[in-house]
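Sequences are here, hints too, so could you generate the full structure?
Spelled out, the chains give:
Protein chains: 2
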Amino acid sequence: MPSPVSFALIAVHSLKLSLGDRSYAILIGAGLLADQESYATLPSAPLAAIVTNDVVAPLYAQRLESVLKQRHREVVQIILPDGEAHKDWASLDRIFDVLLAHGCDRKTVLYALGGGVVGDMTGFAAACYMRGVPFVQIPTTLLAQVDSSVGGKTAINHPRGKNMIGAFYQPLLVVCDLDVLDTLPERELSAGLAEVIKYGPIADPAFLDWIETNLDALRARDKDALAYAVRRSCEIKAWVVGQDEKEAGLRAILNFGHTFGHAIEAGLGYGEWLHGEAVGCGMVMASELSARLGLMPPAFVDRMRRLIERAGLPVRGPALGAERYLELMSVDKKNEGGEIRFVVIEALGRAGVRPAPDTLVAQVIEAHSG
Amino acid sequence: MPSPVSFALIAVHSLKLSLGDRSYAILIGAGLLADQESYATLPSAPLAAIVTNDVVAPLYAQRLESVLKQRHREVVQIILPDGEAHKDWASLDRIFDVLLAHGCDRKTVLYALGGGVVGDMTGFAAACYMRGVPFVQIPTTLLAQVDSSVGGKTAINHPRGKNMIGAFYQPLLVVCDLDVLDTLPERELSAGLAEVIKYGPIADPAFLDWIETNLDALRARDKDALAYAVRRSCEIKAWVVGQDEKEAGLRAILNFGHTFGHAIEAGLGYGEWLHGEAVGCGMVMASELSARLGLMPPAFVDRMRRLIERAGLPVRGPALGAERYLELMSVDKKNEGGEIRFVVIEALGRAGVRPAPDTLVAQVIEAHSG
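From first to last, the protein sequence lines stand for chains H and E.
Residues in the first sequence are numbered consecutively from 13, following the numbering used here.
Residues in the second sequence are numbered consecutively from 13, following the numbering used here.
Certain hints may be false.
One copy or two, either will do: identical chains are not told apart, so a pair holds if it fits within one copy or between any two.
Said to hold, decoys possible - Pairs of lysine-lysine, DSSO-like flavour, derived with a Cα cap of 27 Å: (1) Lys258 x Lys235; (2) Lys235 x Lys346; (3) Lys258 x Lys119; (4) Lys81 x Lys346.
Simulated from the structure, these hints should not be mistaken for lab results.
In structure tokens:
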């Protein structure tokens, strides 16, 4: 537990994601999960459901239920099996079944307590249950705090592709409690750092410098460093999503490293590598592609690979073979007319989306896998 | 087949459903399905999918595919088993599987060719596939033309309740071809008339008079009568949905007769009675409830029952027992805080939503079932 002094040092930052009448606050600070004040702006409703998984539930579900019981007459807990392998229809249907069994109605508030998988599934369940109920994101992993809980992308996986079935559906509120990161396994912390690192090359060179300087503090879970990393990541994400909620263009840059990363995840079977690990390695490949397209100097690839390695992430992809990578990438949602489209760095702090010749992509894969 | 003269008599009506940048046209006329002109305003895309069922496919799928092949490089047909019993996740997943197998991307257009079940499922599939692809409604039943294809309510059923899982997701275009009603079975025509009749008491007393006068012509499939019925129904629906897309208030009036009707459908098992049959009988009960609440005179109940009976619809509900009806109605989406809410007629042409005492509802059910 952090000392009371460190509590006092960390202010609660409240960002706003601006989407007209679907705008919402992102709260970042210590001790927010069990603080009644965090939820003060939410609409009242007799029923609420906490959706979480069997790893997070023993740590935080009871504490959250206690505070929510001051707002709701009845709080149902829905505990799903942990892991990307369970981000499927069966889990979603279990949520629906419990909600219906408890007479949950259109006003019932769903609280997603967990990492990206819980957040994506709870958000999609909220989007579909009775054609839409309110929901709140309470991300418990670094990855979810800096990326997946913000922006309203919700989904489940399909055997033929990751996040293929989903909705754009915004939460009412995001509560990033930095204290919950204390219980995060080392490997998950590193996975989250992949998405933090991502924001540098696509949007903010100064942030990339800051991450390089503060990486050791971040891995040591220094609260001030984490607070800044979460805040700056959410600021950039909110800025991008506020301009392009449904990924008509700009938003796709947030998928830097994800095209290669999704192929790794699908190729190995969901859950073998963590999403952030696959994205880390995918960013090395996407940086290499940017260099081979003549957009960035080779030194940029080295810089990215070194940083990703220092974050405790894999920098070489599994030996699936270039052909298999290409096949897996051919079902990516960014694709158009059968052409694979990649997020590349066009200049430090600026990304774009473009196709690339298969032979070039194959060279990139060969250079950074196996 | 209607004579060329009757073709000339029926103009193509184009209504507009106004929802800002999600506004769309509803085309009503003869011969529209196979007319290239009907689709002229749609965005171009290399791939398209026709989603239909095994009853409609042999009648119209080939004709539609031929005309769409002039717009799209490849047109995939997805033929689902017919009937409300198949409005479930298994059918939805089959759509996703075929779309993914064919490399369908975010620009792929889905065409819903069929009745309410096909339209609701295709719309929901379009809402979820890659978080949303464009879709077109080509309703082939009277019920779908006058009600379910317009307004963007999409859903599948859950074993615990009808339409519990879904989305508000608007089509790009609705094409109501009056000619396809020629092949509609008698029973389905009557089911569609239930939704036509509905619009009278909730919104337009003059339309109720018109239906009473023209009911025989409608049942004889007179094209002019059908054209007017479809047009006036869509006008009223578009007016309601344009004010309240997501059913925050007014839109609920479109569910007149549906609370009782859904209980009948769920109680007998989906597909035993047609949706329109259950709604027909449900409107008799909801009229009776309106009378017993002192809102309408008893003569109104007789008027509605007579008209619904003349339309070829059942006017007595199955003998499930009032308790079972109440239990089934307790999962209705309109409910709030565990209280069942009913659409009632407050004055001819004006409806409202309100709770009612269980004992009164039980009396209504006893009077009109068994």
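Checked hints:
1. Lys258 x Lys235: Cα proximity of Lys258 and Lys235: none, with 33 Å in one copy and 42 Å across.
2. Lys235 x Lys346: neither (36 Å within a copy, 46 Å between copies)
3. Lys258 x Lys119: For Lys258 and Lys119, the Cα distance is within 27 Å both inside one copy (25 Å) and across copies (13 Å).
4. Lys81 x Lys346: Classified as between: cross-chain Cα gap 24 Å, same-chain 42 Å, threshold 27 Å.
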